[in-house]
Structures are given as structure tokens and as C-alpha cells.
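J.: Here are the chains, one letter per residue:
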Amino acid sequence: MLHLPILQVVIPLMAAPLCLLLKRPQLVWLFALFVSTVAFIISLLLLQQVSTTGVISYELGGWQAPWGIEYRIDQLNALLLIIISATSTVVLIAAQTSIEKEIPKNKHTLFYILYLLSLTGMLGIVSTGDAFNVFVFLEISSLSAYSLIALGKKRQALWASFQYLIMGTIGATFILIGIGLMYQMTGTLNMEDLSQRLPQVAQTKTVFTAFTFIIVGICLKLALFPLHLWLPNAYAYAPSIVTAFFAATATKVAIYLLIRFTFTVFGLSFSFTTLPLQGLFLVLGLMGIIVASSAAIYQKNIKHLFAYSSIAQVGFIIIGLSTNSVMGLTATLLHLFNHAIMKGAIFLALGAVVYQIGNSQLVNFSGLGRKMPLTMAAIVIGGLSLIGVPLTAGFISKWYLLTALIENNWWPVAILILLGSLLTVIYVWRIVEVIYFKEPLAENTSVTEAPILFLISIWTLIIANFYFGIDTRFSVQLTQSAAQSLFGLSP
Amino acid sequence: MITGLFNNWIVIVLMMSGLYIVIAHGNLIKKLIGLSLFQTSVFILYISMAKVEGGTAPILAENIKELSNPLPHVLILTAIVVGISTTALGLALVIRIKEAYGSIEEEDIQILDNLPQSKTQKKIMDGEQ
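For the protein sequence lines, the chains are V and B, in the order given.
As numbered in this note's numbering, residues 1 to 491 make up the first sequence, in order.
As numbered in this note's numbering, residues 1 to 129 make up the second sequence, in order.
Since the hints were derived computationally from the structure, they do not count as laboratory data.
These figures come from a predicted structure and were not determined experimentally.
Any given hint could be a false lead.
Restraint-style ranges between C-beta atoms, simulated for each label pair [stated by the list, open to error]:
no.	chain 1	residue 1	chain 2	residue 2	range
1	V	Glu443	B	Gln110	28 to 38 Å
2	B	Ala92	V	Phe34	47 to 57 Å
3	B	Asn8	V	Leu453	50 to 60 Å
4	B	Leu77	V	Glu443	50 to 60 Å
5	V	Glu443	B	Lys30	14 to 24 Å
6	B	His25	V	Thr445	46 to 56 Å
7	B	Pro70	V	Met14	22 to 32 Å
8	B	Ile12	V	Met14	21 to 31 Å
9	B	Leu77	V	Met14	46 to 56 Å
List of simulated lysine to aspartate or glutamate pairs, EDC-like, C-alpha gap at most 20 Å [as the list claims (entries may be wrong)]:
no.	chain 1	residue 1	chain 2	residue 2
10	B	Lys98	B	Asp113
11	V	Lys154	V	Glu102
12	V	Lys153	V	Glu102
13	V	Lys154	B	Glu66
14	V	Lys153	V	Glu100
15	B	Lys30	B	Glu105
16	V	Lys300	V	Glu439
17	V	Lys153	B	Glu66
18	V	Lys300	V	Glu443
19	B	Lys51	B	Glu66
20	B	Lys30	B	Asp108
21	V	Lys154	V	Glu100
22	V	Lys300	V	Glu100
23	B	Lys65	B	Asp113
24	V	Lys23	V	Glu100
25	V	Lys154	B	Glu105
26	V	Lys154	B	Glu62
27	B	Lys65	B	Glu53
28	V	Lys153	B	Glu99
29	B	Lys98	B	Asp108
30	B	Lys30	B	Glu107
31	V	Lys101	V	Glu433
32	V	Lys438	V	Glu449
33	V	Lys154	B	Asp108
34	V	Lys101	V	Glu449
35	V	Lys154	B	Asp113
36	V	Lys107	B	Glu99
37	V	Lys154	B	Glu107
38	V	Lys300	B	Asp113
39	B	Lys30	B	Glu99
Don't be surprised by glycine CBs; every beta carbon is placed ideally from N, CA and C.
So that you can see chain V by itself, here it is in the shape it has in the complex (with noise of 0.2 Å):
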């Protein structure tokens, strides 16, 4: 119980080599899912730690706080930990079977060990509590996932990995200079430390580049309009499992690290008084809504449309951000939960018109709606939740956020959060119309329902999807007492 924080950590990092002794793949498969499972249940025990005890603070190597590394958990890292092991788990379920259509079979256990990697890199962001260490799991997972995503099977997913890389490498070394920068001005790299002591060096200017630097480079890898343009053609062009784990997981680690910067390490007071970052992610959310929607209309190609409200739904996170209230925050960090819900249900059940039919164009999925009725009404009810259609755990995130808004008495970004969801209700009903009021094209009518193993990792989450839109004691409750203590109020 002691090393359950650094467990969380090495477990996938040392189970990542150990595929290569396992020879069949199947094998390797059924390792990386039960790794991912141990994983899950460290986090659960993780958050039932922190909700009994408090905060865990873990020494690595018994080198006390300041000058070794120390593993911080409270409980927003609890909550991401639950989110990325969660669905790095049910999406492994689907895996083996889509993986065989997508990616030669010589390469199969290099995909689970190149997946492990990105979750440990993934689960190390979120554990540590080390600046420079924040850092080194960054381009752990952004490694794995360039190499990942090149994986795809047509020849744009390599382009687009390259263009990944060049985005990604770019703001991961921003943020490293940022942390330099902090590091010359207070001696310190624990972030504990470093919030106690920014402050007393605030109104530098070496300062207020860090920060900049910092903020940048994190926004680069969460994709906020306009330093989205890597996220379409990546997500489109990547194995389907792939995008199915990055869209639920990997943009949710960036805002992580947003939160974390902006309001432990340099401050609510620094952040959001000092710098004008509440009207830069108003404005810029806004404009990631409303862009992204429309764009997400016109695609041809259902990844790319998915991938396009994914922009967009980053958008919605970062205004619960800009609010700089309790009820904001509790707003941005239900989202990023039902969020990953939503969209690792939606991008696997593309995952499974892709298994049965090739490609996601639009055109193709024509009367799909009774060829495989399970995976539609999964696509169906995964664009309803994102719409925020009551009963849907979607319903409960845009709920919150419209109250913070209207708390602020912000009511013309409340509209406009009302039209970027009408937005959403269009491109949804595109799909709606084209599954089940159209014919299907001559080459699909033998297609059939997807495996069953896809269809259990899809329901699980719809499930997921229904049950936190219902019962919303567990999430909010975890929310709402990570949004306060964040606010330095007691829970």
C-alpha cells in the first residue's frame, strides 16, 4: 500500500520489454490488458487512499521532498489516473481483434509494447510532482504516440506523425525552457516547493517568461485553437485503437498540466490577476467551439469529423477554466471525465465500422444503422452525449459549466456555448440521417454486427456514458472537492 504511487508508474514501464519474451501475440495482448487492469485497480486504490487519509506524498528513493522527486497524489491526480487507466483498460479489450485488420502481424507486439510505454508516460505526467519530471514522462508518451500513430495504414498517417512531432517537440521543449527559467529564479523543481517560492520572485520578467513559455508549450499538446492543426490528421490517420486511446486520454493529460501550472505551481493570484489568461481562454475556447464545429460539418471522412469536435470540446474545457470559480473548474473537470467517456465509446465503435468495412468514410456508413444496429446506436448515443442531451453524462458537464457561466453573470458566452452545441447537433444529425434513412451501398449489404469484443468495450463506456449521467454522486462529489482544494479551500 506504501508504493502504490510509484507501482502505478513502473508496473507498465517494466511490463513494456517484458512483451518481447512473450512470442505470440495473443499472449502479449492478454499481458498488456491484465498490466492495464493492475493499473486500474492501483488507481482506485490510489483515490480511496486519498479520499481516507489526504494527500499522498511518496519520496522517491527516500530522498526527502525538495531534492529528490517526489509523487504527489491528490485527488485531481486520482481522478486523471482513474481516467487514463479506465479507458487505456476497456479500449485494450478491443485491441487484438482491430489490430489485425490495421497493422501486420509482425508488428503486434511492438504496437502493445509502444501503447504501454505511452500509458506509463501518461501515468507518470499525472503522478509525479517533479517539474523536470513532468517533462521526461511528456516525451515518454510523446514518443510512443508519434510512433503509434505512423502505424496507420495508409501513407498520411506517416506525414501526419511527422507533423505530430514537429508540433509536439516544439512545445515540449517550450515547456523545458519554461522550467528552466523557474528553476534559475528559486532553485527548486518540486512543485510543491516551487509554489511556495514563485511568488516571492513573481514580478520578474524571467518570471512572466517562464510562465509563457510553459502555458504555450501546453497548449501546443492540448490542441487549443490555433495550435490545434497537428490533432485532425493524426487522430484521422491513426490505427483506429489508437485514436480511440489518445482521444480519450492524451489531450486530458495536457489540460492536467494546465491546471496544474496555472493554479498550483504558479498560482490563482499570478495566473489569472497578474496575466490576463481568463480573457485569452475565453476568447481562444470560443473560437476553438465555434471553428472547430463548423469545421467538423463539412468532413467527408468520420474520424476527421470526431476529431474536429474533439478541438472543439477542449474548447468547452478551457471556458469552465477562464470562469476562475469553483463551480468553472468543477465544470472543466467533469468534462475531461465524461469527455473521455464519450469519445473512447464513439472512436471504437469507429474503430468497428472500420474492422467490418475498411475505412470511415461518411458515404460508406449509408443504412449501416441495420447492418450493425449495436455499434450505430453507440456512434448515436456517444453524439448525444456530446451534444448534452439530458440523461447523458454530457448533460451533467455542459449543465455545470452553463451554471459557472451565469454565476459570472457571463450571459452572451453562454449563448454562444448554446450555439457551438447547436453546431454540435448538426454534424451529429449528418450522421443520424446517413445511417438510418439511407440505402445501404451495393458492397456493404453483407456487413455484419462488430466482434464481440468490440461491442463489449463500446457498451461498457455507453453504459459508463448513461450511468454518470444519472448517478452523479461518484464524479461530482470527486470533482467538486478536487475543484476546492484547488481553490485552497477545504473541502
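Starting from the known structure of chain V, arrange chain B on it as the hints suggest.
T.: Then chain B, alone, in the frame of chain V:
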């Protein structure tokens, strides 16, 4: 002013030329060179901040009172490894791109990517091989 912050000026010059090369050049290898240059500038930034005036290498021995800070060197060793892996992965991708597209110029790749939508179906089939 200029001599005192000599290293910082070098860092800025390297950083900006690296970033400029990444943005302005269409050749993928040149882009990677720019990216490496950009990362290298950060290494110098870290190493120069570690220097303590009059300090020597951090060795515990008699007569040594002022030490330079060894931590940034250690950090940057990690960052160098990360930089090498990034460049290696980037170059590997360039090789695959050359095989798939027959070119490593950004413009050509974009033209080839846009072709299939407007032109013949055959082009797509070739691309998917």
C-alpha cells in the same frame, strides 16, 4: 551587458534560427536540423545557468570552496537523450515518408495528399500500398 550575458545571447540566436528553419524550410531533413538546433539552444541555457562565478567542478576535496551547480548538467543529460531519440524517430519517419511519397519536400507531399480527392481513384490505391 553583452559580454556578461554572452551565453544568453548565443542561446537566443540559436533558438530563433532553429525555430525559423523549422517554420520556413519545406525540406523535412532541414526541418529536423532546425529542431535539433532549437533543442540544443535549451541545453546551453541550462548549462550556463549552472555556472557559479569562481566555482569549480563539484568535487568534494580540500581547498575547494565554491562549487558550480551540478544539477542542471544532470537534467540536461536526460534532455540530450530525449533530443537524440526525437531526431532518430524523426529521421526514421522521413525514410518511410520518402518510400511512401517519393519525396521529402513538404510541398510535394501536400500536393500528393490532396490529389486523390480531386483526381483519379488509382492514385489512392497506389498510396495505400
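J.: For each hint, tell me whether it holds in the structure or not.
T.: Now for the hints, and whether the structure bears them out:
1. V:Glu443 with B:Gln110: 28 to 38 Å: holds, 30 Å
2. B:Ala92 with V:Phe34: 47 to 57 Å: violated, 30 Å
3. B:Asn8 with V:Leu453: 50 to 60 Å: Between B:Asn8 and V:Leu453, where Cβ atoms are some 56 Å apart, the hint holds.
4. B:Leu77 with V:Glu443: 50 to 60 Å: holds, 56 Å
5. V:Glu443 with B:Lys30: 14 to 24 Å: violated, 44 Å
6. B:His25 with V:Thr445: 46 to 56 Å: Hint holds: Cβ distance 50 Å, inside 46 to 56 Å.
7. B:Pro70 with V:Met14: 22 to 32 Å: The hint (22 to 32 Å, Cβ to Cβ) holds, given that B:Pro70 and V:Met14 are roughly 29 Å apart.
8. B:Ile12 with V:Met14: 21 to 31 Å: violated, 41 Å
9. B:Leu77 with V:Met14: 46 to 56 Å: For V:Met14 against B:Leu77, whose Cβ atoms are near 22 Å apart, the range 46 to 56 Å is violated.
10. B:Lys98 with B:Asp113: Within the cut-off at roughly 14 Å; holds.
11. V:Lys154 with V:Glu102: holds, 10 Å
12. V:Lys153 with V:Glu102: Cα-Cα ~6 Å, so holds.
13. V:Lys154 with B:Glu66: violated, 58 Å
14. V:Lys153 with V:Glu100: holds, 12 Å
15. B:Lys30 with B:Glu105: With Cα atoms ~10 Å apart, B:Lys30 and B:Glu105 stay inside 20 Å; holds.
16. V:Lys300 with V:Glu439: holds, 18 Å
17. V:Lys153 with B:Glu66: violated, 58 Å
18. V:Lys300 with V:Glu443: Within the cut-off at roughly 19 Å; holds.
19. B:Lys51 with B:Glu66: OK: B:Lys51 and B:Glu66 at ~10 Å, within 20 Å.
20. B:Lys30 with B:Asp108: At roughly 15 Å apart (the allowed maximum being 20 Å), B:Asp108 and B:Lys30 satisfy the hint.
21. V:Lys154 with V:Glu100: Distance of about 16 Å is within 20 Å: holds.
22. V:Lys300 with V:Glu100: violated, 25 Å
23. B:Lys65 with B:Asp113: Status violated; Cα separation ~63 Å.
24. V:Lys23 with V:Glu100: With a Cα-Cα distance of about 16 Å, the restraint between V:Lys23 and V:Glu100 holds, given a limit of 20 Å.
25. V:Lys154 with B:Glu105: holds, 18 Å
26. V:Lys154 with B:Glu62: violated, 64 Å
27. B:Lys65 with B:Glu53: Measuring from Cα to Cα gives roughly 12 Å; hence the hint holds.
28. V:Lys153 with B:Glu99: holds, 14 Å
29. B:Lys98 with B:Asp108: Between B:Lys98 and B:Asp108 the Cα gap is close to 11 Å, so the pair holds against 20 Å.
30. B:Lys30 with B:Glu107: With a Cα-Cα distance of about 14 Å, the restraint between B:Lys30 and B:Glu107 holds, given a limit of 20 Å.
31. V:Lys101 with V:Glu433: This hinted pair is violated, its Cα atoms lying about 28 Å apart.
32. V:Lys438 with V:Glu449: Between V:Lys438 and V:Glu449 the Cα gap is close to 18 Å, so the pair holds against 20 Å.
33. V:Lys154 with B:Asp108: With a Cα-Cα distance of about 17 Å, the restraint between V:Lys154 and B:Asp108 holds, given a limit of 20 Å.
34. V:Lys101 with V:Glu449: Holds: V:Lys101 and V:Glu449 sit about 16 Å apart, inside 20 Å.
35. V:Lys154 with B:Asp113: holds, 11 Å
36. V:Lys107 with B:Glu99: holds, 18 Å
37. V:Lys154 with B:Glu107: holds, 19 Å
38. V:Lys300 with B:Asp113: holds, 15 Å
39. B:Lys30 with B:Glu99: holds, 18 Å
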